[in-house]
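Colleague: Spelled out from the first residue to the last, the chains are:
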Amino acid sequence: MTAALRFDPIRLPPKCEALRKEVRAFLAEEIAGGTFNPFKPNREDIDVPEFCRKVGERGWIGMTWPKKYGGHERSFLERYVVTEEMRVANAPTRRFFVADRQSGPILLKYAPEHIKMDILPRICRGELCFAIGMSEPNSGSDLFAAKTRATRTDGGYLVNGTKIWTSSAHIADYMIALFRTSPPTKENRRHGLTQFLVKMKQPGIQVNPIGQITGQFEFNEVVFTDYFVPDDHLLGEIDGAWKQATSELAYERSGPERFLETYYVLTELVRAVGDKPDTRSAEGIGRLVAQLHTMRRMSVSVAGMLQAGKEPVVEASIVKDIGTVWEQQLPHRVRDLAAFVEETATNRETLERQLDFAIKTAPKLTIQGGTTEVLRGIIARGLGLR
Amino acid sequence: MAESENIVVATAEKIFADLADAQTINHDKKGAWKAPLWNALSEAGLPLSWVDEELGGSGANLADGFAVLGAAGRFAIAVPLAETMLAGWLLSQARIASPEGEMTVAPATPKDRITVNADGTLSGRARGVPFAKEAKHIAALASGANGMSIALVKADDVRIEPGLNLANDHNDIVSFDKVRPVAAKPAPKGFDQTTLMLMGGVVRSLQIAGALESMLDISVRYSNERVAFEKKISKFQAVQHNLARLAGESAAALAAATSAADAIASVPSFNDDAVFLEAASAKIRCSEAAEKGGGIAHQVHGAIGFTIEHILHRYSLRALAWRDDFGSESYWAVELGKRVAARGADELWPLVASR
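So the protein lines, in turn, are chains A and B.
Residue numbers for the first sequence follow the numbering used here, beginning at 1 and rising by one.
Residue numbers for the second sequence follow the numbering used here, beginning at 387 and rising by one.
Hints listed in this document are in silico derivations from the structure and should not be mistaken for laboratory results.
Heads up, a few of these hints could be off.
Said to hold, decoys possible - With the C-beta cut set under 10 Å, the calculated list includes, among others, these residues of chain B facing chain A:
| no. | residue |
| --- | --- |
| 1 | Gln479 |
| 2 | Arg481 |
| 3 | Pro485 |
| 4 | Ala639 |
| 5 | Ala668 |
| 6 | Phe692 |
| 7 | His696 |
| 8 | Tyr717 |
| 9 | Ser740 |
All values derive from a computational prediction rather than experimental measurement.
Glycine is no exception: its CB is placed at the ideal position from the N, C-alpha and C atoms.
Kindly produce the complete structure, drawing on both the sequences and the hints.
Modeller: Below, the structure written as structure tokens:
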């Protein structure tokens, strides 16, 4: 018997709905006040530090973390609601989201106490931006191939090598990076990688921007030349980062940000067709909404499992696989249906502009955060095929 | 199959495992399996799960009944268990007692209409009525001058033109030629044909999701047994990725169907956009999954899965056939799309997020 996949119909508790209203009101206010423009998705508004500080003030960063470190000890489901409302409103969360989702939890688990006390409260206040240093030139998803070396020296390590495809490195205050501290062994190809906390904007680090086909500059190449990392910036076990990295994946892979990145085109299509759509548009919209609803139910279900302390690695991978394929196809399906939108639709230009951007964004969606191929390999392992 | 902790579901699973083994049924050309299976289900009170005790049923709650249907899907059960449960549920809406024996429901497609004449007889034609030929009674939803009625009709009193669905299960045309029902009462306020179609659609969604779980299970098992080019086909990356996609479709179907069932079991009204979203989405997404997932299961099995000897078709063809009952995915997609458009663009996300 195959391991049964469970997706119980978890419902968000009432306090989540109260929080949702609060988040919506906040976002409406910020949009009205001009802090960001939801109709210019991710273009001019990649980096809005002022917005991050306001989100921090509301207590919506580090929501599940201990109060001692500036967190709010709220549930994973409450955090879920905040994430999806931010995503749907196209809010500029890039600056704090990586720290909130991944870097903070890693520090909580593996950093020495004085570092936690120093950094985590600042993340919660929305003051810090993190980058993730995993991929390297010619290695991509194949993390075992990482070559950037951290060599032992007095009181720490000297780092030499290059990370690439590093989102937000140009604005980041810190990076959590995977460096090679030993060669892999014959028995274990995963051996020899260690996680470090890297302070950016220091001597020995050069950040080179890489343009994207969307016109944005979000990726970077990060070159380390005799960069010094002190001993207390080592995170967790020496040579054992692989184990550490994989246990976090369920958090990274099943959230609402994994199917809502191009959602805005669906709203605009519904707006453009008006309240009495033709049959073809109605059917197209109906199918897309049914697919969206289903994915969200799956994603909430995984959030419920995480809240219950489980590690639903396979279920989370399924949500990311289906979710990213969906958000990738969405602009193309909307484009299909947009052919029938009346010339007079009030938002026609907005729809077209957003479609252009979403279609250019689409190719990255099944690559970032674990490619479809890697995810399907994880699912296959869960099915007992590998 | 996973042993269920729920006593009602565990009873059903035990009966299915003992008397509805797919391999045995597939080899039994004479249908000798049918009577013992139906008798065992009846003795356990499962066909009338959703009927109160005072109306002749066993009074299980909606959630338990839905879970039984998921299990029935996993075994691709081909006796009118789901239909009888649905018929009993429909009759109960008007407090009409359920008779013993197999039942089915009419209409089973959204566009068919049955009408109540001035003299109380019923007229109309319903296509695609599952298992009508094997039913003793039909629970009918009809519209008349005084609104919607629910009626119990003897199968002997209607004209049945036999037909078969993709899986060779009965799927018949039922004509009501001024038929006098055994009992007829007004439907509750707000209960209309959409209500019946939504409930029927969720029943089929659960069955499709169950069938997909089994297709995933037997496909994974087969890929670990079958050797080609000197290795198990499960070791080929292309096969692994196909099975991962099948797992995704199976999971999506299960999530959508169980979420819709949970919505119906916990929200008292069908006249609620959120319940409509859940039920319509389940039928749409499960039907899509039946097509995609069933296709992959066949691809993994190769030629053997295309034979009548192999059990795969018991699941794949039924899952495909169930798409057409109580509104196809394109029917519900149009209805859902219209509702979403009528609510307006800015109400779409609040609707999705309300579940």
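Colleague: Taking the hints in turn, state whether each one holds.
Modeller: Here is what the structure says about each hint:
no.	hint	in the structure
1	Gln479	violated, 24 Å
2	Arg481	violated, 29 Å
3	Pro485	violated, 33 Å
4	Ala639	holds, 8 Å
5	Ala668	holds, 8 Å
6	Phe692	violated, 22 Å
7	His696	violated, 18 Å
8	Tyr717	holds, 9 Å
9	Ser740	holds, 8 Å
Consistency note: the structure conflicts with the earlier hints numbered 1, 2, 3, 6, 7.
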